[in-house]
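Visitor: Single-letter residue listing:
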Amino acid sequence: MTMELPDSLSLTPSRDDVRASAVRGDPRTEPKAIRIAIIATAVTFLSVFIMLPLVVVFAQAFSRGIGAYVAALSNPEALAAIRLTLMIAAISVTLNLVFGLVAAWAIAKFEFRGKTFLVSLVDLPFSVSPVISGLVFVLLFGAQGFFGPWLASHNIRLLFAVPGMTLATLFVTFPFVVRALIPLMQEQGTQEEEAAISLGASGLQTFFRVTLPNIKWGVLYGVLLCNARAMGEFGAVSVVSGHIRGETNTMPLLVEILYNEYQFVASFAIASLLAMLALITLVAKTVLERHLDEGKTSHDH
Amino acid sequence: MTIEVRNLVKRFGVFAALDGVNLRVADGELLALLGPSGSGKTTLLRIIAGLDWPDSGEVFFDGEDALLRGAGERHVGFVFQHYALFRHMTVFENVAFGLRVQPRAIRKSETAIRARVKELLDLVQLDWLAGRYPSQLSGGQRQRIALARALAIEPRILLLDEPFGALDAKVRKELRHWLRSLHREINVTSIFVTHDQEEALEVANRVVVMDKGRIEQVGTPTEVYDSPASAFVHGFIGESIELPVQVTDGSVELDGNKLALSAEGVSPGASRLFVRRHDMQIGPADAGALRGEIMQVRSFGPVQRAEVVLSQGKTVIEIDAPRDRDLRAGEIVGLNPRRYRIFGA
Numbered sequence: 001m002t003m004e005l006p007d008s009l010s011l012t013p014s015r016d017d018v019r020a021s022a023v024r025g026d027p028r029t030e031p032k033a034i035r036i037a038i039i040a041t042a043v044t045f046l047s048v049f050i051m052l053p054l055v056v057v058f059a060q061a062f063s064r065g066i067g068a069y070v071a072a073l074s075n076p077e078a079l080a081a082i083r084l085t086l087m088i089a090a091i092s093v094t095l096n097l098v099f100g101l102v103a104a105w106a107i108a109k110f111e112f113r114g115k116t117f118l119v120s121l122v123d124l125p126f127s128v129s130p131v132i133s134g135l136v137f138v139l140l141f142g143a144q145g146f147f148g149p150w151l152a153s154h155n156i157r158l159l160f161a162v163p164g165m166t167l168a169t170l171f172v173t174f175p176f177v178v179r180a181l182i183p184l185m186q187e188q189g190t191q192e193e194e195a196a197i198s199l200g201a202s203g204l205q206t207f208f209r210v211t212l213p214n215i216k217w218g219v220l221y222g223v224l225l226c227n228a229r230a231m232g233e234f235g236a237v238s239v240v241s242g243h244i245r246g247e248t249n250t251m252p253l254l255v256e257i258l259y260n261e262y263q264f265v266a267s268f269a270i271a272s273l274l275a276m277l278a279l280i281t282l283v284a285k286t287v288l289e290r291h292l293d294e295g296k297t298s299h300d301h
Numbered sequence: 001m002t003i004e005v006r007n008l009v010k011r012f013g014v015f016a017a018l019d020g021v022n023l024r025v026a027d028g029e030l031l032a033l034l035g036p037s038g039s040g041k042t043t044l045l046r047i048i049a050g051l052d053w054p055d056s057g058e059v060f061f062d063g064e065d066a067l068l069r070g071a072g073e074r075h076v077g078f079v080f081q082h083y084a085l086f087r088h089m090t091v092f093e094n095v096a097f098g099l100r101v102q103p104r105a106i107r108k109s110e111t112a113i114r115a116r117v118k119e120l121l122d123l124v125q126l127d128w129l130a131g132r133y134p135s136q137l138s139g140g141q142r143q144r145i146a147l148a149r150a151l152a153i154e155p156r157i158l159l160l161d162e163p164f165g166a167l168d169a170k171v172r173k174e175l176r177h178w179l180r181s182l183h184r185e186i187n188v189t190s191i192f193v194t195h196d197q198e199e200a201l202e203v204a205n206r207v208v209v210m211d212k213g214r215i216e217q218v219g220t221p222t223e224v225y226d227s228p229a230s231a232f233v234h235g236f237i238g239e240s241i242e243l244p245v246q247v248t249d250g251s252v253e254l255d256g257n258k259l260a261l262s263a264e265g266v267s268p269g270a271s272r273l274f275v276r277r278h279d280m281q282i283g284p285a286d287a288g289a290l291r292g293e294i295m296q297v298r299s300f301g302p303v304q305r306a307e308v309v310l311s312q313g314k315t316v317i318e319i320d321a322p323r324d325r326d327l328r329a330g331e332i333v334g335l336n337p338r339r340y341r342i343f344g345a
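Chains A and B, in that order, are what the protein sequence lines are.
Using this note's numbering, read the first sequence as starting at 1 and increasing by one per residue.
Using this note's numbering, read the second sequence as starting at 1 and increasing by one per residue.
No lab work stands behind these hints: they were computed from the structure.
Glycine included, every Cβ here is placed at the ideal spot set by N, Cα and C.
Certain hints may be false.
Beta-carbon label-pair distances, calculated as ranges [stated by the list, open to error]: (1) B:Lys170 - A:Phe45: 38 to 46 Å; (2) A:Leu46 - B:Lys108: 58 to 66 Å; (3) B:Leu123 - A:Leu46: 53 to 61 Å; (4) A:Pro213 - B:Arg339: 53 to 61 Å; (5) A:Leu118 - B:Arg107: 53 to 61 Å; (6) B:Asp19 - A:Gly189: 26 to 34 Å; (7) A:Pro183 - B:Glu58: 48 to 56 Å; (8) B:Arg298 - A:Gly189: 40 to 48 Å.
Please construct the entire structure, taking both the sequences and the accompanying hints into account.
Guide: Rendered as structure tokens:
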């Protein structure tokens, strides 16, 4: 399509109109062919790299029928892994919720020395490879580790046991809640808290009646992402787990073990649970983001 | 309740927000803290409220040391510039907040709380908004709700930080009159911060003019307008003509020309001459302390504003003259200040 200006009176009015509309066309859009090409590329990419794997997971899981799928999931080893995953996730999400709230509160509402340092420290678990996060705990609590001898003499077993796996998960998922809350709390400022204090509210009353209701969607958002990662974490947990069957295998670890043993149906059955978790997380995330946006737009005063 | 502030100092890093402030506020007064931004007026207000703490100095409420108490124990109603309404609560719950967070021993019954909130919403004439959320209100409505919320705890002192700063001009004027009549009704010792001189002069019983962390002058609106204590106050309040002059032996020189003005009591040296725009009388060319040529005349309201280039010093000044005198561009006129003040530079 040409973009030249209508140049003379000899043009018929109808052609003039066509050209004028081409010239006046929305400058933000591209010609149809290019639009189709771009959209097709995106759709192809998403189908091959995201939709297809998801479909394959479920196809493999159900490849020998629903019976085999249910049997794979009700296997004691699988049930133990599901139970362990839920427990570790529950503990680390709860603790990280508390740590996250406290850290975000301190960072967003107060000025103090070393604040920038603290903010970068919060991000550390994101910037470090999960394997290293796991190794750190081996170096700290392992038999030859820093606290190893002391722990051994007191008969406390952290490594290759649930506490160690929980610690590793806790470390890896720490930033989610903090990261979700800091920008929100910074944007909201401290005036509402000051108003509450000057009206006679105590610190706790201010937190539970003013601060928390204002950030509740952000908290849920952080908890959601934290939970998804806690249940799906592989690297850090793998290093500290010791892979004791029925005892220290979480769902992601069991998926790998079963796969290596060529038990594809069992492996993909567990994987399908994780995939469903991902889908639910995705939907919940979209809903929460809408609430967060609403919160922002209604806060124009 | 009287407030007394002694030798208050507050620094933020190297910046002195308050640099030795002394102030007494009488019971039932409506006081304005007026000054440009960064003059320390909001810091002073926040220290009185207990939202900030001074580096040194004392604050007394009725002779009692207020610095021993936290913000929540001072019974001070604070109204924020940006309202700071609780956005997740209805208007009703916002106003009720201060009553609901009281310790159980002295907390009112639910019926009593409801009655009190209703009463306050009637007072600010917004009872019909009780079920709305802050985001559904206009700026002026939010400000009145913020005031009702502050009054709910029956404060002994009411502090307002730039209460009308974020509102448009028309709403601001309405609320000024409303605030003054409200103060007459409830008669609580009140301090409000503003950078708008008109607001301060129109609403307050007394005005405190601040600059760079210090109090420049305290006085009634008439006093600060008619007898400014310093060059800063003269320049800040009302519209003034300011000319750089030289004072020698009680006589005044502008750009080497001696003016027919007396400078008795002013120490010699470089000084500044201040005249209110409406105090500069326009007369025939050969009479008056100053001479100038009219560049432009604009008429509006009760005055006409003339832009005049002075023959002495070639400075351009603006003069407000009554409309009955016929002024034309190009006319050479003599200027005589009816009242003027000279401050050392």
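Visitor: All the hints need checking, so say for each whether the structure fits it.
Guide: Comparing the hints with the structure gives:
no., hint, result
1, B:Lys170 - A:Phe45: 38 to 46 Å, "56 Å, violated"
2, A:Leu46 - B:Lys108: 58 to 66 Å, "60 Å, holds"
3, B:Leu123 - A:Leu46: 53 to 61 Å, "60 Å, holds"
4, A:Pro213 - B:Arg339: 53 to 61 Å, "58 Å, holds"
5, A:Leu118 - B:Arg107: 53 to 61 Å, "39 Å, violated"
6, B:Asp19 - A:Gly189: 26 to 34 Å, "27 Å, holds"
7, A:Pro183 - B:Glu58: 48 to 56 Å, "40 Å, violated"
8, B:Arg298 - A:Gly189: 40 to 48 Å, "43 Å, holds"
Comparing the model with each earlier hint shows violations of hints 1, 5 and 7; every other hint is respected.
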